[in-house]
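Note that the protein sequences, when read in sequence, are chains A and B.
Counted the way the numbering used here counts, the first sequence spans residues 1 to 383.
Counted the way the numbering used here counts, the second sequence spans residues 384 to 704.
To be clear, the hints were calculated from the coordinates, so they are not data collected in a lab.
Given the structure is predicted, the values throughout are model-derived calculations rather than measurements.
Just so you know, not all the hints are guaranteed correct.
Claimed, not checked - Straight line, CA to CA, 16 Å or less: simulated EDC-like cross-link-like pairs of lysine to aspartate or glutamate:
id : chain 1 : residue 1 : chain 2 : residue 2
1  : A       : LYS330    : A       : GLU346
2  : B       : LYS498    : A       : GLU141
3  : B       : LYS498    : A       : GLU346
4  : A       : LYS295    : A       : GLU310
5  : A       : LYS196    : A       : GLU206
6  : A       : LYS290    : A       : GLU378
Said to hold, decoys possible - Simulated coverage check for chain A against chain B, where a stretch passes if three residues somewhere in it have a Cβ under 8 Å from a Cβ of chain B:
id : segment
7  : 47 to 61
8  : 83 to 95
9  : 113 to 123
Stated by the list, open to error - Stretches of chain B that chain A covers, calculated by requiring three or more beta carbons in the stretch to come under 8 Å of a beta carbon on chain A:
id : segment
10 : 495 to 501
11 : 590 to 602
12 : 610 to 621
Don't be surprised by glycine CBs; every beta carbon is placed ideally from N, CA and C.
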Amino acid sequence: MKLNFRMFATIASLFVLFMLAACGGSNDTASDASGESGAVSGKIGVVSFMTGSGAAYGEAITNGLELAEKELDEAGEVDVELVIEDSAGEPDQALSVTQKLINSEDVVGIIGPTLSTEMEVVGPVADQNGVPIMGTSNTAEGIPQIGEYVFRDSIPETQAIPASVEKAIEEYDAKKVAIMYGNDDVFTKAGYDAMKDAAEDLGLEELTTQTFQIGQSDYKAQLSKIKQMEPDLILCSALYNEGAVIMKQARSMGIDVPFVGGNGFNSPEVIEIAGDAADGLIVATPWFTKKDDQKVQDFVSTYKDEFGKEPDQFAAQAYDGLYLMAEGLKNAGEADRDELRDAIAEIDGFEGVLGDISFDEDGDVVMDPTVLIIEDGEFKEMK
Amino acid sequence: MLGELINPYYLQVASFILINIILGLSIYVTLASGQLSLGSAGFMAVGAYTTALLTTNFEVPLLVGILAGVMLAGIFGIIVGIPSLRLRGVFLAIATLGFGEIVRVFIVNTESLTKGAIGISGIPQLGREILDKLEVIGFDPEILGLKANQFTFLIVFILLLIIVIVLVCFFSRQKNSRVGRAFSAINMDEQAAASMGINVTYYKVLSFTQGAMLAGLAGALYAHVLSYISPADFTYHKAVEILTFSVFGGSEVVGGAIFGATFLTLLPETLRAISEYRYMIYGILLVVMMAYRPQGVIDEQMMRWFKRRKGRRQQHGTENK
Chain A
1 MKLNFRMFAT IASLFVLFML AACGGSNDTA SDASGESGAV SGKIGVVSFM TGSGAAYGEA
61 ITNGLELAEK ELDEAGEVDV ELVIEDSAGE PDQALSVTQK LINSEDVVGI IGPTLSTEME
121 VVGPVADQNG VPIMGTSNTA EGIPQIGEYV FRDSIPETQA IPASVEKAIE EYDAKKVAIM
181 YGNDDVFTKA GYDAMKDAAE DLGLEELTTQ TFQIGQSDYK AQLSKIKQME PDLILCSALY
241 NEGAVIMKQA RSMGIDVPFV GGNGFNSPEV IEIAGDAADG LIVATPWFTK KDDQKVQDFV
301 STYKDEFGKE PDQFAAQAYD GLYLMAEGLK NAGEADRDEL RDAIAEIDGF EGVLGDISFD
361 EDGDVVMDPT VLIIEDGEFK EMK
Chain B
384 MLGELINPYY LQVASFILIN IILGLSIYVT LASGQLSLGS AGFMAVGAYT TALLTTNFEV
444 PLLVGILAGV MLAGIFGIIV GIPSLRLRGV FLAIATLGFG EIVRVFIVNT ESLTKGAIGI
504 SGIPQLGREI LDKLEVIGFD PEILGLKANQ FTFLIVFILL LIIVIVLVCF FSRQKNSRVG
564 RAFSAINMDE QAAASMGINV TYYKVLSFTQ GAMLAGLAGA LYAHVLSYIS PADFTYHKAV
624 EILTFSVFGG SEVVGGAIFG ATFLTLLPET LRAISEYRYM IYGILLVVMM AYRPQGVIDE
684 QMMRWFKRRK GRRQQHGTEN K
């Protein structure tokens, strides 16, 4: 017995010793304000989903950020240094990494994390430590309301969905709708909540609400119920992989009414998977590569040169996110967390590739999304 | 001086290590009686959701919430443990995996109570609550030269460390007690154990319930450390991760769970410099490990070697597994 205890005591004390030794690590403080040539310099931390199932998001985000950093360096007005860390999409890792950025790297602001679930964990911590944090891909409700220091430049479902539903009603004179959503994913569930509210606000008659799960492959049961009800419009909160299959099956069952999707539905993959069946999908998006705007076209072409593919929404939002941080730093005049927070909150009508960006009193983005419709296998702007 | 020494980042990682040790122990205890359970993520969810709902909706003190979570997980342990008695090996693993998924799907679907897939946010933080209590009696972290934020992490770390020390003491003592030997006997041969007068049903359910309670405790602590939980935290992926802690470290001894949880939590953190490749290394390590040392890093033999080196003679019969 004694032996066992001693054994354990050794392990425990070794463990503590190790932890304390680790604590003695780098803690050198203060990201020095104002580098050479009078430019404001600051370290910006990035928490991104770079390994695991969502690595594609992380890649687009870091590409967008790196491009923005390069351009900012060339412009020379603000000198930002990115510290990019991986969260693997896990809330606990996102939290550890945020602590690292705040305490070890001593960043002035943070961009990320990728998922809303991660932001729910990281946001309060950044807020308590007084570090401005900008979500570039969180669309769930209530994210900027976490605290004063929490911002986002990704348009939430609560803004995007009403815009697309409204456009659809205008175009098709819809009165009766059916709703479908994935109920086991935070993203699609948030989209559903926004759809339900939008339908109520716009006085639509809800015929039926059907649910499905991630990875489901057969939606005929739900769709045949919807078909019986004869809706004018189907509101469908799904990610593109499920959404595309739903559309394909719906069209083959003879349901030819337009679909209105959430942000997760907005992907060129839908056209690839569903083919002709994708025609008639309406989505609102902050990002449209074919937008008739010089800034957007410049960004698309430089991004293409650099990374060999077109930037998606996540790349564009991250790109603008870093520009917003840089704008904040420039206006703050020094790399101070509180000054930066105030400067970001005051940004009004910043011209980014997404459009004109401002923040409301919560720190939520205010901008007009573009409503797109798929016609003849192509995304087109709905005017 | 203390203020400069304490970096919340390291304390945060250390806290996760301690929580993972508790999870590793939960697998160790059930494996001790030869039961392979993959339901830890489910029990963790029960513990986490119980305390999260109680503390956020009814302002119950954290201690009560956590204990309620542990108890409820224990009750579920008994409920699942008894019918699972007839199952062994992979069949039990599948049944418990099923339990974990049922819990998760239940949480996803009871939206009115658990907010479904959205998750519960704003769960009281362990460190903050303790600090608030201490401030009432006039304590100020400045006395120790610490910022409030450093203090909260330090106190959480110390609290978790105490809990883990108590648990490790308990289970390493239990191992060599009447109960622990009954577990080992059942693990070796159930029928032989029964013929020697060991109440197999009782001990199997006991070990399963202990595992469930430990997982529930870890879940409850996890909820109060992260202050946000969602069903996505408790998928079968998590269950497998927990199993890995114990299997990698060595499932025969308590030290194995401690080593496995510490090493596997620390590894991805220390490999951050090569971010894209870190999980590849993690994977390779697991494969190599299982090929060359299937019993885990630390096993009985290694423990004995440690003891012998200390010049102690091992007592006869204590290591009869």
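The hints, checked one at a time:
1. A/LYS330 - A/GLU346: holds, 12 Å
2. B/LYS498 - A/GLU141: Roughly 13 Å separates the two Cα atoms, so the pair holds.
3. B/LYS498 - A/GLU346: violated, 34 Å
4. A/LYS295 - A/GLU310: Since the Cα atoms of A/LYS295 and A/GLU310 sit roughly 15 Å apart, the hinted pair holds (cutoff 16 Å).
5. A/LYS196 - A/GLU206: holds, 9 Å
6. A/LYS290 - A/GLU378: Since the Cα atoms of A/LYS290 and A/GLU378 sit roughly 11 Å apart, the hinted pair holds (cutoff 16 Å).
7. 47 to 61: holds (count 3)
8. 83 to 95: holds (count 8)
9. 113 to 123: Contact hint for the segment 113 to 123 of chain A vs chain B: holds, 3 residues under 8 Å.
10. 495 to 501: holds (count 3)
11. 590 to 602: violated (count 0)
12. 610 to 621: It holds: at least three residues are needed, and the segment 610 to 621 of chain B offers 6 whose Cβ sits within less than 8 Å of chain A.
In terms of the numbered hints stated before, the structure departs from hints 3 and 11, listed from lowest to highest.
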